Structure formats: C-alpha cells, structure tokens
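Protein chains in written order, with our numbering: chain A, 13 to 78; chain B, 106 to 524; chain C, 13 to 162.
Do not rely on the hints blindly, as some may be mistaken.
[To be verified] Some chain C residues well away from chain B (every beta-carbon gap over 12 Å; in silico):
| id | residue |
| --- | --- |
| 1 | Arg22 |
| 2 | Leu25 |
| 3 | Val38 |
| 4 | Ser42 |
| 5 | Ile43 |
| 6 | Arg47 |
| 7 | Gly59 |
| 8 | Arg67 |
| 9 | Val76 |
| 10 | Asp88 |
| 11 | Val112 |
| 12 | Ser121 |
| 13 | Trp123 |
[As the list claims (entries may be wrong)] Dumping the calculated SDA-like pairs for lysine to any residue here, alpha-carbon to alpha-carbon at most 20 Å:
| id | chain 1 | residue 1 | chain 2 | residue 2 |
| --- | --- | --- | --- | --- |
| 14 | A | Lys19 | C | His155 |
| 15 | C | Lys131 | A | Asp41 |
| 16 | C | Lys131 | A | Glu46 |
| 17 | A | Lys16 | C | His60 |
| 18 | A | Lys37 | C | Pro158 |
| 19 | C | Lys40 | C | His155 |
I should point out that these hints are in silico values taken from the structure, not numbers from a laboratory. The structure presented is a predicted model; accordingly, all values stated were derived computationally and were not measured. C-beta atoms are modelled at their ideal positions from N, C-alpha and C, and glycine is treated no differently.
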Amino acid sequence: MENKDPKSVQDHLAQLAQGKPTSKKLVFDPRTQELVLVDANAPGLSPDTVTADDPTRDGFFCCRLP
Amino acid sequence: MTPLVYVLEDQVQELLAHTRADEWIEGPAYAFDDWTVFHAYTEKPPFAPAGSLCRCLYTRADAAGLVDEEHLPHSLDITREPDGQPVLVLVVSRTPDGLPACQALLVTASGTTAAAAQFVPRRSELYSRNAGLLEVSALGHKRVVIVGLGSGGSPVALELARAGVGHFTLIDFDRLELGNISRHVCGVNDLGRYKTLAVRDQVLQKNPYADVTTMELNVNQALSQVEDAIGASDLLIVASDNDQSRFNLNQMSLNTNRVALYGRAITRAAGGEVLRVRPWQGPCYNCVFSAGVGQGREEEMSQKRQALSVLPAYVEEEKVNAMIQVGLSSDIMPIANMMVKLALVELSRGMETGISSVDEDLVSDFYIWANRREEAYANWPAMGYKWTHPSILRWYGARVGRDPNCMVCRTPLAAHLET
Amino acid sequence: MAWTSQQSARLRLEMEILSRYFPSFVLKDSIIPGRAVVEGAMRSNAGHEYVVRLRVPADLPNSVPIVEIVSPVLRDRFGHPLVDLGTSYPMHLLKPENDVVRICHYSASHWSPNITFSKVLLKVRAWIEAYEGHLDSGFSVDHYLPHMEA
Numbered sequence: 013m014e015n016k017d018p019k020s021v022q023d024h025l026a027q028l029a030q031g032k033p034t035s036k037k038l039v040f041d042p043r044t045q046e047l048v049l050v051d052a053n054a055p056g057l058s059p060d061t062v063t064a065d066d067p068t069r070d071g072f073f074c075c076r077l078p
Numbered sequence: 106m107t108p109l110v111y112v113l114e115d116q117v118q119e120l121l122a123h124t125r126a127d128e129w130i131e132g133p134a135y136a137f138d139d140w141t142v143f144h145a146y147t148e149k150p151p152f153a154p155a156g157s158l159c160r161c162l163y164t165r166a167d168a169a170g171l172v173d174e175e176h177l178p179h180s181l182d183i184t185r186e187p188d189g190q191p192v193l194v195l196v197v198s199r200t201p202d203g204l205p206a207c208q209a210l211l212v213t214a215s216g217t218t219a220a221a222a223q224f225v226p227r228r229s230e231l232y233s234r235n236a237g238l239l240e241v242s243a244l245g246h247k248r249v250v251i252v253g254l255g256s257g258g259s260p261v262a263l264e265l266a267r268a269g270v271g272h273f274t275l276i277d278f279d280r281l282e283l284g285n286i287s288r289h290v291c292g293v294n295d296l297g298r299y300k301t302l303a304v305r306d307q308v309l310q311k312n313p314y315a316d317v318t319t320m321e322l323n324v325n326q327a328l329s330q331v332e333d334a335i336g337a338s339d340l341l342i343v344a345s346d347n348d349q350s351r352f353n354l355n356q357m358s359l360n361t362n363r364v365a366l367y368g369r370a371i372t373r374a375a376g377g378e379v380l381r382v383r384p385w386q387g388p389c390y391n392c393v394f395s396a397g398v399g400q401g402r403e404e405e406m407s408q409k410r411q412a413l414s415v416l417p418a419y420v421e422e423e424k425v426n427a428m429i430q431v432g433l434s435s436d437i438m439p440i441a442n443m444m445v446k447l448a449l450v451e452l453s454r455g456m457e458t459g460i461s462s463v464d465e466d467l468v469s470d471f472y473i474w475a476n477r478r479e480e481a482y483a484n485w486p487a488m489g490y491k492w493t494h495p496s497i498l499r500w501y502g503a504r505v506g507r508d509p510n511c512m513v514c515r516t517p518l519a520a521h522l523e524t
Numbered sequence: 013m014a015w016t017s018q019q020s021a022r023l024r025l026e027m028e029i030l031s032r033y034f035p036s037f038v039l040k041d042s043i044i045p046g047r048a049v050v051e052g053a054m055r056s057n058a059g060h061e062y063v064v065r066l067r068v069p070a071d072l073p074n075s076v077p078i079v080e081i082v083s084p085v086l087r088d089r090f091g092h093p094l095v096d097l098g099t100s101y102p103m104h105l106l107k108p109e110n111d112v113v114r115i116c117h118y119s120a121s122h123w124s125p126n127i128t129f130s131k132v133l134l135k136v137r138a139w140i141e142a143y144e145g146h147l148d149s150g151f152s153v154d155h156y157l158p159h160m161e162a
C-alpha cells in the first residue's frame with residue numbers, strides 16, 4: 013500500500029530519527045520525484061529501488077567546510 | 106682537550122681543484138662547547154646551522170708552503186675579532202698518494218694553537234656501514250615524496266635519510282607549534298618554521314648530500330603540482346591528517362602508478378594502521394576505508410586545524426580544544442617504523458639485499474597495531490605470555506582485497522592499465 | 013587546470029545516474045574545475061518546487077560538495093529567513109554565503125569517493141520534506157533527520 017501523504021512521510025522520518033522501528037520503507041520515485049512510503053516487505057520492491065531510508069539514517073552534519 | 110674541527114671532505118676536494126695557489130677563501134664555521142668543537146664549511150650549509158658563528162679561512166699548503174704560525178695573528182689582523190674570538194685557519198693539501206689533507210689552526214691575539222681536523226666522509230662513504238644490508242648506491246638514487254611532516258612523517262623522513270635514500274620531496278603547509286614539539290623530530294629552535302624546512306634540515310644533518318625539495322602547500326589545493334612530484338618519484342608516503350588529502354593522494358598514486366604507504370594513528374594513539382597501496386594490483390585507499398574498515402577506530406586529533414575540519418560547526422572552541430587528544434611519541438614511532446620497513450622493501454624491490462626476505466613476510470597490504478587495550482582494542486586480552494591471540498605491541502597483517510564496487514579504482518583507466 | 017580524465021569520467025557517471033533519478037539536474041560551467049555546478053529542481057510531496065545547486069568540488073570525488081537551495085528564499089515557521097540562522101545545528105544548516113541556504117549533509121570525516129551526487133541529492137530531498145514538516149509542526153529539522161556522529 014503506497015502512501016505519499018506529506019504528513020505520513022514526515023512522521024516516518026521522525027520515527028527513523030528517533031531510532032524507532034518502522035514497518036515501512038521510504039522509496040524515492042524518480043518519475044514523480046515524490047517520497048513514497050511502502051510496506052518494507054512489499055513484493056513489488058525491487059532490490060534496485062532507491063530508498064531514502066539509508067542516507068537518512070546516516071544522519072546530517074554541519075561541519076565546517078574548508 | 107685539543108680543539109676538534111670537522112670539515113666536509115667533498116668541499117675540501119672542491120677547494121683543492123678550483124682554488125688558486127695564493128688565494129685565501131673565507132667560509133663559515135660554527136663553534137660549539139665553549140669553542141672546543143668547530144664545524145667548518147667553504148660555503149653556507151644548506152641547513153640552518155647551530156653553534157656560534159666563527160670566522161674561518163682556508164688556504165692551500167702546497168702553494169703557500171709552510172704556514173708561518175707565529176705571524177698569523179698579525180697577518181689576519183686578529184685584534185679586530187670581537188671579544189677576542191679565535192679565527193679558524195684550515196690549511197688544505199694533498200698527501201703524496203693524492204688524498205686530501207687538512208691542518209687546523211686556531212688563531213687568537215695571544216698566539217696560534219693546533220686543532221685536530223676530521224673529515225666528514227664523502228657522499229659515497231657516508232653510508233658504508235649499511236653495505237651488505239642495503240644497496241646504498243641504489244637507494245641514493247631513489248626518490249621519495251612524503252606528505253605530512255608531523256609526528257608520523259618526520260621520523261619516517263629521518264629514518265629513510267639514515268638508510269641512504271638520496272632524494273626527498275617534503276610536502277606540508279603547517280608550521281611547527283609548541284604543541285608539536287614533544288612528538289616531533291624537531292625541537293624548540295625550530296618553532297614557527299615550516300615543518301618541511303625544519304625536517305629538511307634534520308635530513309641534511311643525517312645526509313648532507315641528500316637532495317631535498319620542499320613544497321609548503323595544501324595538497325587539496327595544488328593537485329596537479331603534487332601529482333607531478335609523485336610522478337617523478339619512486340614512492341609516496343602519506344602521513345597527512347585528513348581523509349580528503351588521503352583520497353586525493355590515493356587518486357594521484359593510481360594516476361601515476363606509484364606505490365603509496367598510508368599511516369595513521371587512532372585517538373590518543375591507542376593504536377594505528379599502515380596501508381600499502383600497490384596501484385591496480387591490490388586494494389586502493391578507498392577500497393579499504395570506504396568499506397568501513399576504519400569505523401570504530403577514529404583518527405587521532407592532534408591539532409586544532411584538524412579538529413575544526415571534521416567537528417560540527419556548532420561545537421564551541423573550548424570543546425574543540427578538548428577533542429585534541431594526542432598520544433605519546435613512543436606510540437607513534439611503531440607506526441612510523443612500520444612505514445619505514447615497508448618503504449625500504451618497496452625501494453629495494455628487484456635488488457638482492459639483506460632485507461629481501463622481509464618482503465616474503467610483509468605479504469599483507471594492511472597492518473594493524475595496538476599500543477594499549479583501550480578504544481577499539483579495549484576487548485583484547487592482556488598480553489601475558491600467549492602469542493596465539495590478539496595482543497598489544499604486535500603487528501597484525503589483515504587480509505584486504507580490492508573492492509569490486511570501488512568508485513575510484515574500478516574506473517576505465519584501471520581496465521586500460523590491466524590490459 | 014582542467015579536469016583529469018578520471019574526473020571527467022566520474023562527472024559523466026554522476027550525470028548518467030542523475031538522469032535516471034533527478035532528470036531535471038544539469039551540469040553548468042563544467043569546463044573549469046571549482047566552478048562547475050549541478051543545478052535542478054526538486055518537488056516536495058506537497059508540490060512545492062525548490063531549485064537546488066550542488067557545487068562540484070575541484071578535487072571531485074574526494075571532498076564534500078556544497079549544496080545550496082537557490083530558490084525560493086527559505087524562511088522558518090515564523091517567517092524569518094533561514095540564512096539569518098547562520099550555522100544551525102537543529103536545522104542542519106551550514107554558514108551561508110551570498111544569502112543562499114547551505115545544507116549540511118555529510119561530514120568530512122564521513123565522506124568517501126563512493127558517495128554519488130545522487131545520494132547527496134536524495135538526502136537533500138529528505139531535508140526538503142523535513143523542512144516542510146518544520147513549517148507545519150514547528151519542530152526543527154533535526155526532529156525528522158538525525159545527526160551524524162562526529
């Protein structure tokens with residue numbers, strides 16, 4: 013079940029940020045440029061699908077750039 | 106004691122070959138230990154000399170005949186010397202079998218005394234004690250680029266000079282600060298100087314005939330200049346303190362097909378690592394460190410500049426300073442020493458030397474060292490008497506291979522070079 | 013100074029990947045290293061458009077690229093320009109230059125040449141969604157996006 017609702021996507025990001033478990037994956041759809049929530053074990057999720065979860069989990073950083 | 110005078114044999118040979126019979130040559134000399142030891146040169150030495158400056162005159166005995174010692178004070182107008190300082194007179198000649206000889210005289214207002222002259226051997230003889238272990242003449246022609254002349258790179262430079270390596274390019278834009286001194290080969294008399302120039306002087310102290318080029322620049326901002334230097338060398342040694350420079354140097358070593366050695370210490374020098382990159386044959390720096398090998402073993406922060414480049418921008422200055430946690434020099438030395446071993450193996454590759462067998466042992470490209478059971482090594486067992494488990498103060502060669510997904514060394518250029 | 017052959021190949025690879033995932037992004041001023049930028053539009057799930065500029069480092073791919081949101085002028089929930097925050101920990105911002113917001117996405121110590129522009133822009137895309145979350149909820153951006161370990 014896909015979900016593109018901005019509030020749902022933001023809630024998912026907040027859950028990731030707080031390290032909470034989630035049953036969804038955040039997938040980037042290059043055609044629409046949208047971030048889409050899908051079930052983590054959805055059968056249609058190809059291994060090549062770009063998810064936004066991993067780089068988001070890496071975290072953000074404000075170091076001084078040279 | 107009889108005053109002792111050291112003279113470079115090569116300079117005396119030069120003087121004998123090119124000086125007229127009636128000529129007096131003036132050169133600098135430096136006095137030490139209450140004017141009992143002198144280092145004399147025919148021209149200003151290439152490194153910053155120590156000691157008190159002393160007037161020194163050379164003449165040829167074969168032309169002048171016997172030196173009139175009694176009248177020397179008068180003829181040299183010795184009374185003009187400040188504080189009654191002596192003038193050093195070196196009378197050079199050839200022995201009947203053609204060898205250079207030197208008679209040293211110390212002239213003061215009250216008279217002339219004889220001093221003992223000793224030659225600093227010629228270039229070809231300086232490393233004669235290494236003979237049998239290393240092919241000195243071959244190493245004398247070897248060219249090494251060293252990037253980063255801090256606590257890691259400076260002892261590497263010195264050790265390679267001691268081993269007879271003849272050509273160095275030293276690259277660093279940092280200056281020697283008070284905080285560096287306790288772990289650096291240079292001391293307080295080099296404070297404020299570029300590390301490159303201060304280390305160059307140390308190298309020349311070990312090998313006055315070494316050819317040392319220095320580049321006071323940031324490798325990240327002078328890519329083509331640095332790559333040209335690496336391309337003209339036999340080996341690249343990387344002892345810089347940030348990943349950006351190491352990634353850039355990694356690319357340069359691949360571009361120029363030059364073996365590179367990378368060394369780094371982890372926090373408070375609890376341990377460290379040495380990586381050898383054999384371009385296109387073994388893993389590159391990116392293969393190893395982008396795969397998370399360095400995770401959990403964070404790099405030592407030894408300087409504020411280094412900390413500022415990686416710490417979050419909101420971190421206050423006080424906390425930045427607190428992040429600077431350095432280890433002891435003795436904790437850095439094993440890492441530097443391993444780099445030297447690998448460097449000598451690489452530089453003497455293809456020659457039959459006393460260290461050839463070491464090549465059979467150093468089959469790994471990645472070596473890990475622990476100084477103390479803390480940080481990444483906190484769970485290691487105590488050393489005790491066993492040598493079958495991981496322990497501090499031993500080298501471990503790790504099996505690392507090329508990363509097939511490496512975005513740096515799986516490029517079309519790699520394919521081109523492999524075919 | 014010109015791009016090396018490896019850098020040219022890498023730039024081609026980056027643009028090839030971007031053409032698949034962020035097709036509006038184009039390479040500008042690509043001749044001179046240090047001046048090249050990759051610029052394009054991103055659309056949030058709510059339909060708002062943002063022009064994003066990635067400055068290609070002269071030592072590509074060995075250092076962290078600067079990423080800026082060129083337009084619109086970003087403001088916080090209370091209407092204050094984000095550039096006025098300067099370096100902001102809660103909003104994941106770097107010190108701005110030329111009045112343009114800079115996103116802090118990777119630390120120098122976490123950077124690796126294996127990271128592509130596409131991955132960087134994906135993080136920026138998530139930042140945009142988090143920014144809009146801030147506008148709606150008042151939570152700062154780091155409520156939605158965690159901090160990278162130092």
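Results for each hint:
A Cβ of chain B approaches the Cβ of C/Arg22 within 12 Å, the least distance being about 8 Å, so the stated non-interface status is violated. At roughly 8 Å, the least C-beta separation between C/Leu25 and chain B is not larger than 12 Å, which violates its mark as non-interface. Every CB of chain B is more than 12 Å from the CB of C/Val38 (nearest about 22 Å), matching its label as outside the interface. A cut-off of 12 Å between C-beta atoms confirms that C/Ser42 is not in contact with chain B; the least separation is 17 Å.
No beta-carbon of chain B is positioned within 12 Å of the beta-carbon of C/Ile43; the least distance is around 16 Å. Every Cβ of chain B is farther than 12 Å from the Cβ of C/Arg47; the closest lies at roughly 15 Å, confirming the non-interface assignment. With a closest Cβ-Cβ approach of about 32 Å to chain B, C/Gly59 is found to remain outside the 12 Å limit, as its non-interface label requires. The Cβ of C/Arg67 lies farther than 12 Å from every Cβ of chain B, with a closest approach of about 15 Å, so its non-interface assignment holds.
Listed as a non-interface residue, C/Val76 fails to keep its Cβ farther than 12 Å from every Cβ of chain B; the least gap is roughly 8 Å. Under the 12 Å C-beta cut-off, the non-interface status given to C/Asp88 relative to chain B holds; the minimum distance is some 17 Å. Every CB of chain B is more than 12 Å from the CB of C/Val112 (nearest about 17 Å), matching its label as outside the interface. Not every CB of chain B is more than 12 Å from the CB of C/Ser121 (nearest about 4 Å), against its label as outside the interface.
The Cβ of C/Trp123 does not lie farther than 12 Å from every Cβ of chain B; its closest approach is about 7 Å, which violates its non-interface assignment. At roughly 13 Å between alpha-carbon atoms, A/Lys19 and C/His155 fall within 20 Å of each other, so this suggested pair holds. Taking the CA atoms of C/Lys131 and A/Asp41, the gap is near 14 Å; set against the 20 Å cutoff, the hint holds. Distance restraint check for C/Lys131 and A/Glu46: the Cα-Cα separation of roughly 15 Å lies within the 20 Å cut-off, and the hinted pair is therefore satisfied.
In summary, the hint linking A/Lys16 to C/His60 is supported, as the alpha carbons are separated by about 14 Å, within the 20 Å threshold. Of the supplied pair hints, the one linking A/Lys37 and C/Pro158 holds, its CA atoms being roughly 17 Å apart against a limit of 20 Å. Proximity of C/Lys40 to C/His155 is assessed by CA-CA distance (about 34 Å); at most 20 Å being required, the pair is judged violated.
The structure fails hints 1, 2, 9, 12, 13 and 19 (numbered hints given earlier, in ascending order).
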